[in-house]
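Engineer: Next come the chains, spelled out residue by residue.
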Amino acid sequence: MTDHFIEDKTTKVNVNLDNIGERVDFNDLKSGGFIKQRQKDLFAVRLRCPGGRMETKKLVEISKIADKYSKKGVVHFSFRQSLEILYVDYKEFRNIVAELEKIGQKVASCGPRVRVPTACGGCEYNPNGLTDTQGMAGMVDQKFFGTPTPHKFKTSFSGCPIDCARTKEMDFGFQGIVEPVWEDPLCTGCTICSEACKEDAIVSDPDTGKPIFDPKKCIFCGDCIRACPTEAWKPKRYGHIVRIGGKHGRHPMEALEVCTFLPDDKVAEAIEKTVEWYNANGKRGERIGNTIKRVGVQKYLDFMEPVFKHGSPVNYLAPGV
Amino acid sequence: MTEIKSNAQLDLRGVMCPINFVKTKLKLETLEAGEVLELVLDSGEPIQNVPKSIKEEGHKILEVKKEGDHFRLKVQKG
Ligand code: HEM
Ligand code: SF4
Ligand code: SF4
Ligand code: SF4
Chain A
1 MTDHFIEDKT
11 TKVNVNLDNI
21 GERVDFNDLK
31 SGGFIKQRQK
41 DLFAVRLRCP
51 GGRMETKKLV
61 EISKIADKYS
71 KKGVVHFSFR
81 QSLEILYVDY
91 KEFRNIVAEL
101 EKIGQKVASC
111 GPRVRVPTAC
121 GGCEYNPNGL
131 TDTQGMAGMV
141 DQKFFGTPTP
151 HKFKTSFSGC
161 PIDCARTKEM
171 DFGFQGIVEP
181 VWEDPLCTGC
191 TICSEACKED
201 AIVSDPDTGK
211 PIFDPKKCIF
221 CGDCIRACPT
231 EAWKPKRYGH
241 IVRIGGKHGR
251 HPMEALEVCT
261 FLPDDKVAEA
271 IEKTVEWYNA
281 NGKRGERIGN
291 TIKRVGVQKY
301 LDFMEPVFKH
311 GSPVNYLAPG
321 V
Chain B
1 MTEIKSNAQL
11 DLRGVMCPIN
21 FVKTKLKLET
31 LEAGEVLELV
41 LDSGEPIQNV
51 PKSIKEEGHK
61 ILEVKKEGDH
71 FRLKVQKG
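Sequences listed follow chains A and B, in order.
Under the numbering used here, think of the first position of the first sequence as 1, with each following residue one higher.
Under the numbering used here, think of the first position of the second sequence as 1, with each following residue one higher.
Hints listed in this document are in silico derivations from the structure and should not be mistaken for laboratory results.
Remember, it's a predicted structure, so these values are computed and weren't measured experimentally.
Please note that the accuracy of each hint is not assured.
As the list claims (entries may be wrong) - Counterexamples of contact, computed for chain A against chain B with all Cβ distances above 12 Å:
hint: 1; residue: Lys-91
hint: 2; residue: Cys-164
hint: 3; residue: Asn-281
hint: 4; residue: Gln-298
What the hints assert, rightly or not - In silico lysine-lysine, DSBU-like type, Cα no more than 30 Å apart, as pairs:
hint: 5; chain 1: A; residue 1: Lys-72; chain 2: B; residue 2: Lys-66
hint: 6; chain 1: B; residue 1: Lys-5; chain 2: A; residue 2: Lys-210
hint: 7; chain 1: A; residue 1: Lys-102; chain 2: A; residue 2: Lys-64
hint: 8; chain 1: A; residue 1: Lys-57; chain 2: A; residue 2: Lys-106
hint: 9; chain 1: A; residue 1: Lys-210; chain 2: A; residue 2: Lys-247
hint: 10; chain 1: A; residue 1: Lys-198; chain 2: B; residue 2: Lys-25
hint: 11; chain 1: B; residue 1: Lys-66; chain 2: A; residue 2: Lys-216
hint: 12; chain 1: B; residue 1: Lys-74; chain 2: A; residue 2: Lys-198
hint: 13; chain 1: A; residue 1: Lys-152; chain 2: A; residue 2: Lys-198
Heads up, the beta-carbon is just placed ideally off N, CA and C, and yes, glycines get one too.
Hey, can you work out the whole structure from these sequences and the hints?
Structural biologist: In structure tokens form, the structure reads like this:
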């Protein structure tokens, strides 16, 4: 018997689970997260760490478990911010899952489903951060982790346009933005904002030093707001740029921007409806970016209108679509 | 407008980020709350970054003057 929740990407070693049915409760493994290694009988156990955040106390306990079950005594920090315990014997699955369960640590997922979200530090502690990326990642993990989809569905949250969490390469990504608004009476014409803006969206009036703002060039990073000594630049509203259909891998694709200034409280709805659309329109094994290419982005936008109307539309779409 | 008197001066021309801010911070630590530090910062990265960090640490920028390719700031310790 080969359990389909176990990812076996190599054909070098067969996964033989014939004799351990009574020792491994496959319900424990439903979410996947056990990845066959090239070494016989050994698996990497991928932990569920939304946003790459972990309490130190839990980390200490995990280290003890990893030390006990990893035949080589090593872990790996994965590219999607999870911790993988390497060289775990498949006969120990039940024990390691039980021990992890005891400290409240779940195993992550593989295969065609909603994956654990990744996120940068965001506004909690990063000076550039505009949105609570960690809070969002936790919420999405709670609500959507493991939901079946036609192919893998990766989400991420970046706190600002620097986009450390690479929302442009995600199936569905959210990147924080802020809309700046300027109040003339508070402005002293010091010209700092035009220096602070790296997008040339602000030039200083040569006579008064006051800002002349070009909204078409603005990427909503908020540098002007943070730099202005007098609070003449203020935040008008915060939200997310929503991106869909990105991926990396053999044939990378850049995501399309489909909504701007989507508020925090509409993120869950956006994911729920997008997963619904993907399940209705996507072919098995097709990433959502390719579904959108095949079906047409307008069909998707029409479907999402009840959610995206809470943000602002994007006045351009990336070339080629 | 009356000239704002400064209690200390720091010329940070030619000093890179983030050392210019660290120096600003160390200098501010020698002052009492309410005292004023006069700073000279280059345009480009220093003027893009240092005022943001000064604000974030709770100090107040009282005055900014552009002088050629640098800026003269008066910062009140918070
Ligand atoms: C990786 C370790 C460290 C880094 C990256 C670092 C970095 C810096 C930087 C950027 C400055 C400002 C430099 C300047 O004003 O020109 C500074 C100043 C200073 N650091 Fe460190 N530092 C480190 C370790 C230490 C340690 C271990 C000590 C003391 C035991 C120390 C004591 C100081 C002091 C006293 C100053 C003030 C110097 C001044 O008066 O300008 N630093 N450090
Ligand atoms: S995306 Fe922005 S907020 Fe997030 S880590 Fe990068 S710079 Fe900080
Ligand atoms: S938000 Fe960023 S891009 Fe827009 S004007 Fe301000 S500094 Fe420039
Ligand atoms: S930084 Fe603020 S005070 Fe200075 S010119 Fe810009 S808006 Fe005016």
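Engineer: If a hint holds in the structure, say so; if it does not, say that too.
Structural biologist: Here is how each hint holds up against the structure:
Distance to chain B confirms Lys-91/A as a non-interface residue, since its nearest Cβ pair spans about 52 Å, more than 12 Å. Residue placement check: Cys-164/A keeps its beta carbon more than 12 Å from all beta carbons of chain B (closest about 17 Å). Residue placement check: Asn-281/A keeps its beta carbon more than 12 Å from all beta carbons of chain B (closest about 44 Å). Annotated as non-interface, Gln-298/A keeps its C-beta farther than 12 Å from every C-beta of chain B; the closest such distance is 40 Å.
Using a Cα cut-off of 30 Å, the hinted pair Lys-72/A and Lys-66/B is violated, with the two alpha carbons roughly 61 Å apart. The suggested pairing of Lys-5/B with Lys-210/A holds, with an alpha-carbon distance near 25 Å, which does not exceed 30 Å. Distance restraint check for Lys-102/A and Lys-64/A: the Cα-Cα separation of roughly 13 Å lies within the 30 Å cut-off, and the hinted pair is therefore satisfied. The hinted pair formed by Lys-57/A and Lys-106/A meets the criterion: a straight-line CA distance of about 15 Å does not exceed 30 Å.
For the suggested pair Lys-210/A and Lys-247/A, the alpha carbons sit about 42 Å apart, so the restraint of at most 30 Å is broken. For the suggested pair Lys-198/A and Lys-25/B, the alpha carbons sit about 25 Å apart, so the restraint of at most 30 Å is met. The hinted pair formed by Lys-66/B and Lys-216/A meets the criterion: a straight-line CA distance of about 27 Å does not exceed 30 Å. In summary, the hint linking Lys-74/B to Lys-198/A is supported, as the alpha carbons are separated by about 24 Å, within the 30 Å threshold.
Between Lys-152/A and Lys-198/A the CA atoms are separated by roughly 36 Å; this puts the pair beyond 30 Å, and the hint is violated.
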